[in-house]
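Visitor: Which chain is which? The protein sequence lines are A, B, C, D, E and F, in order. Mapping the first sequence onto this note's numbering, position 75 (from 1) lands on 75, and the numbers just tick up by one. Mapping the second sequence onto this note's numbering, position 62 (from 1) lands on 62, and the numbers just tick up by one. Mapping the third sequence onto this note's numbering, position 113 (from 1) lands on 113, and the numbers just tick up by one. Mapping the fourth sequence onto this note's numbering, position 135 (from 1) lands on 135, and the numbers just tick up by one. Mapping the fifth sequence onto this note's numbering, position 83 (from 1) lands on 83, and the numbers just tick up by one. Mapping the sixth sequence onto this note's numbering, position 170 (from 1) lands on 170, and the numbers just tick up by one.
What the hints contain is simulated information worked out from the structure, not anything from laboratory work. Check the hints yourself; a few may be wrong.
Which copy is meant is left open, because identical chains are indistinguishable; a pair holds if it fits in one copy or across any two.
Derived DSSO-like pairs (lysine-lysine); straight-line CA-CA distance at most 30 Å [stated by the list, open to error]:
{"id": "1", "residue 1": "Lys157", "residue 2": "Lys103"}
{"id": "2", "residue 1": "Lys155", "residue 2": "Lys103"}
{"id": "3", "residue 1": "Lys103", "residue 2": "Lys121"}
{"id": "4", "residue 1": "Lys121", "residue 2": "Lys5"}
{"id": "5", "residue 1": "Lys157", "residue 2": "Lys5"}
{"id": "6", "residue 1": "Lys157", "residue 2": "Lys4"}
{"id": "7", "residue 1": "Lys103", "residue 2": "Lys7"}
{"id": "8", "residue 1": "Lys157", "residue 2": "Lys7"}
{"id": "9", "residue 1": "Lys121", "residue 2": "Lys155"}
{"id": "10", "residue 1": "Lys92", "residue 2": "Lys5"}
{"id": "11", "residue 1": "Lys92", "residue 2": "Lys103"}
{"id": "12", "residue 1": "Lys92", "residue 2": "Lys7"}
{"id": "13", "residue 1": "Lys121", "residue 2": "Lys4"}
{"id": "14", "residue 1": "Lys7", "residue 2": "Lys121"}
{"id": "15", "residue 1": "Lys121", "residue 2": "Lys157"}
{"id": "16", "residue 1": "Lys4", "residue 2": "Lys92"}
Number of protein chains: 6
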Amino acid sequence: MQLKKVKESLVVMTELVLPNDTNLLGNLMGGRLMYWMDIASALSAMKHCGSQVVTASVDNISFENAIRRGHVVTIQAQVTRAFNTSMEVHLKVWAEDPIQHFKCQSNEAFFTFVALDPNGKPRQVPPSEPETAEETELYEGAVRRRQIRLILGGKMKPEDAQELKSFFVKS
Amino acid sequence: MQLKKVKESLVVMTELVLPNDTNLLGNLMGGRLMYWMDIASALSAMKHCGSQVVTASVDNISFENAIRRGHVVTIQAQVTRAFNTSMEVHLKVWAEDPIQHFKCQSNEAFFTFVALDPNGKPRQVPPSEPETAEETELYEGAVRRRQIRLILGGKMKPEDAQELKSFFVKS
Amino acid sequence: MQLKKVKESLVVMTELVLPNDTNLLGNLMGGRLMYWMDIASALSAMKHCGSQVVTASVDNISFENAIRRGHVVTIQAQVTRAFNTSMEVHLKVWAEDPIQHFKCQSNEAFFTFVALDPNGKPRQVPPSEPETAEETELYEGAVRRRQIRLILGGKMKPEDAQELKSFFVKS
Amino acid sequence: MQLKKVKESLVVMTELVLPNDTNLLGNLMGGRLMYWMDIASALSAMKHCGSQVVTASVDNISFENAIRRGHVVTIQAQVTRAFNTSMEVHLKVWAEDPIQHFKCQSNEAFFTFVALDPNGKPRQVPPSEPETAEETELYEGAVRRRQIRLILGGKMKPEDAQELKSFFVKS
Amino acid sequence: MQLKKVKESLVVMTELVLPNDTNLLGNLMGGRLMYWMDIASALSAMKHCGSQVVTASVDNISFENAIRRGHVVTIQAQVTRAFNTSMEVHLKVWAEDPIQHFKCQSNEAFFTFVALDPNGKPRQVPPSEPETAEETELYEGAVRRRQIRLILGGKMKPEDAQELKSFFVKS
Amino acid sequence: MQLKKVKESLVVMTELVLPNDTNLLGNLMGGRLMYWMDIASALSAMKHCGSQVVTASVDNISFENAIRRGHVVTIQAQVTRAFNTSMEVHLKVWAEDPIQHFKCQSNEAFFTFVALDPNGKPRQVPPSEPETAEETELYEGAVRRRQIRLILGGKMKPEDAQELKSFFVKS
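Please work from the sequences and hints to get the whole structure.
Guide: What follows is the structure, given as structure tokens:
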């Protein structure tokens with residue numbers, strides 16, 4: 001399969017926070033934001049592999065700043081690295097008050113997707129090629145994040161995660 | 001503040017997977033499931049603290065089995081432990097084919113919420129009391145999961161997470 | 001067909017009242033509540049019969065207390081009695097202000113469903129077995145409620161509804 | 001308060017059955033239809049009384065014919081009679097296959113609404129005046145239907161419902 | 001194909017403006033109104049031709065008066081003229097404050113649809129027959145509006161639009 | 001008020017076509033697309049003027065290619081020119097089959113918005129500055145398109161639209 005540049009998988013999504021997306025205090029509910037993040041990152045993964053995909057995992061997400069009704073949410077999703085049949089996607093989320101022109105980054109996250117053939121079975125994806133410094137850093141960190149997922153999912157023993165182990169012991 | 005039993009925060013939610021919740025292969029989209037999980041766990045946290053809450057973080061979630069259009073999703077959410085102004089909620093998710101009576105656990109997750117006063121500022125929550133063996137195990141593990149969140153959120157250095165460190169080195 | 005216990009058909013659904021579910025006064029619209037009640041009771045009927053179902057009728061519902069935006073609606077649905085190809089489902093609805101911890105029963109209702117085979121034709125359902133005193137009372141009242149439905153639907157003459165007639169004349 | 005003609009409260013609503021309104025067999029879910037019926041009849045009641053209203057009760061509804069995805073649902077709602085602070089609304093529902101030009105009446109129902117002042121308290125509504133023979137028949141039957149509702153809601157003893165009693169004993 | 005009277009294609013739709021249909025000022029968003037207008041006029045076109053249709057074009061729409069949350073929108077759609085495989089539909093939109101009984105016409109528009117056979121290819125539609133003076137005027141104006149569409153869509157040169165040209169030069 | 005570059009108003013929106021967005025043939029309904037276009041262009045106008053906006057008019061839109069369920073819709077919206085209290089926004093719409101990597105431009109449109117102050121009254125907007133050749137062409141064409149709108153809206157006589165008249169007579 002032919003190498004694909006990660007930048008070709010870039011997806012930008014813009015959503016307006018409507019009343020039904022908010023709780024009684026007028027703040028965007030976390031679940032609504034994750035719904036949008038899942039679609040944006042799935043589209044990015046589909047762009048990379050050219051097939052249907054299914055969400056395999058979502059890494060720890062923390063929600064820093066309240067996003068309010070009437071604010072505009074912008075989500076940028078881009079594949080960081082392709083593995084055998086899966087792809088890690090990196091998301092950046094900004095919220096903006098369109099009246100005050102005040103924009104802040106509110107989230108960053110990693111979603112992982114598995115490519116599926118028309119029968120719903122996992123299929124091979126093209127290898128990925130980072131170009132910029134930021135893309136390369138994300139590409140290299142992907143292995144460590146993958147080990148954390150495997151450990152947390154009970155599919156790898158912590159002592160076998162060499163790269164991760166050194167992260168905790170030495171740093 | 002008075003101690004509250006964690007079982008009082010139990011919330012059970014049942015949802016039918018409708019066409020708009022699925023992708024082209026007829027599988028429930030991960031983002032839709034996270035939307036439901038966020039509401040179920042927020043309601044559980046509100047039951048514990050009796051005030052509005054906001055999603056603070058979501059731990060790593062992995063999606064094991066495909067859930068299909070027409071299936072029934074059942075979500076059980078219960079507070080595991082209250083901290084100062086925050087609460088960790090544990091979720092179990094089952095999917096069931098109502099025709100085949102085939103039910104499987106598809107997910108498990110931890111969401112964290114912060115209690116808010118009417119002005120949107122964090123407020124104290126009641127301490128929590130586990131009773132059963134399972135509740136106690138979840139209660140005790142909550143500290144370690146909290147250290148992971150703080151490290152992943154850049155708010156704690158890995159070497160300061162004593163409990164977590166021993167988990168990776170010794171185990 | 002094998003007898004099934006009615007308690008196996010229990011379904012619990014929890015919904016948060018969002019802005020779009022309410023009218024200008026901030027009260028939950030009756031139609032939204034009936035939408036949720038229909039899904040909860042359909043899932044209960046499907047649990048009993050293991051096939052697709054279609055709503056056949058809804059008995060008189062009265063709406064006592066206003067349910068407000070931000071409140072939590074809990075619906076419990078359970079089959080009361082199976083007839084030839086149909087099932088009566090009993091629903092209890094509670095509304096709760098999660099901040100005030102004030103919970104009240106707001107509704108009770110009976111929905112009837114017909115089981116369908118894959119071609120959309122009615123099919124036989126398993127007989128049902130009540131166990132508790134409450135289940136038995138609902139089981140026995142089901143015949144009288146069925147007569148009311150048949151009369152109101154123009155499919156039975158009032159004078160032929162022996163059990164119902166005595167209810168109006170003697171009581 | 002000035003008398004209002006019932007025909008002034010006529011509301012016609014047309015809805016297209018979309019995928020999310022249907023179950024796995026492609027049939028419109030009963031709860032979705034009741035959601036539309038509730039809005040159509042609430043608008044009719046608001047037209048009569050010129051104030052906000054709340055659904056007080058829904059009479060027995062039976063669902064005769066399956067309505068399918070892509071069909072068009074037409075609902076006609078009109079006040080039959082105003083009482084002190086409440087109004088009974090009569091609904092007729094048709095479903096049409098727009099391709100086959102096959103249209104059939106699928107439902108008939110009665111919804112009752114209470115008029116509310118801006119503080120959410122019940123308020124007086126104008127008396128209603130039927131004109132055609134059909135309107136008059138519905139107007140006159142409204143008292144009997146109201147007695148059924150009061151009995152079913154536990155607010156009237158069956159033996160006090162004179163008009164209804166004769167209906168069951170004599171007919 | 002048999003001539004069809006345009007009045008047979010009349011569709012009336014009534015919608016309540018809910019919170020999620022409005023912007024931060026509580027006004028109905030233009031896009032929501034166009035969504036309803038598209039469905040109402042598609043249903044009208046389907047009534048005329050008895051087949052599936054697809055939106056081909058929308059003429060210039062101007063939005064005069066703000067429509068508010070809680071208002072009732074009534075849309076009347078009727079075919080003005082059938083061409084070979086397409087139909088022009090005329091829409092009138094009213095908004096009403098159901099409390100104040102204040103109703104105003106807020107929009108008028110023309111949508112064009114193409115009839116499709118089951119394979120999604122354009123198919124012939126029946127010719128249309130206007131009866132009233134208003135219907136006849138709309139029928140006759142349809143040719144001129146069609147020329148504007150063809151010019152704006154780059155499918156006709158302005159100098160070839162004889163009828164339209166005289167409209168600009170002489171009037 | 002300070003001049004603003006038109007490129008600062010660029011908004012990119014990405015939407016996945018879900019089942020409920022499509023008709024029985026599986027094609028995206030025109031009204032759904034216009035709903036998304038309205039939000040994208042409103043956000044662009046808000047970026048330019050820093051206040052709430054309301055849709056004033058939509059120019060003729062033609063829908064060329066069918067967009068299907070599962071396709072990805074990308075909308076680019078950018079202010080072309082600011083007038084006194086209004087802004088014209090230009091939209092380009094692409095649809096893409098994410099599996100086939102086949103992307104085509106499906107629409108182009110002009111929406112006009114009026115800026116509103118917190119009381120809902122029109123307010124002055126900053127003047128706009130085009131930079132690229134394409135931006136300049138759109139900027140210059142805006143006056144002619146505005147004359148068409150005024151004529152079609154009955155607010156200008158055709159013979160007074162000098163620029164437009166020459167367009168029809170000479171071209």
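Visitor: I'd like to know which numbered hints this structure contradicts. Please list them from smallest to largest.
Guide: 5, 6, 8
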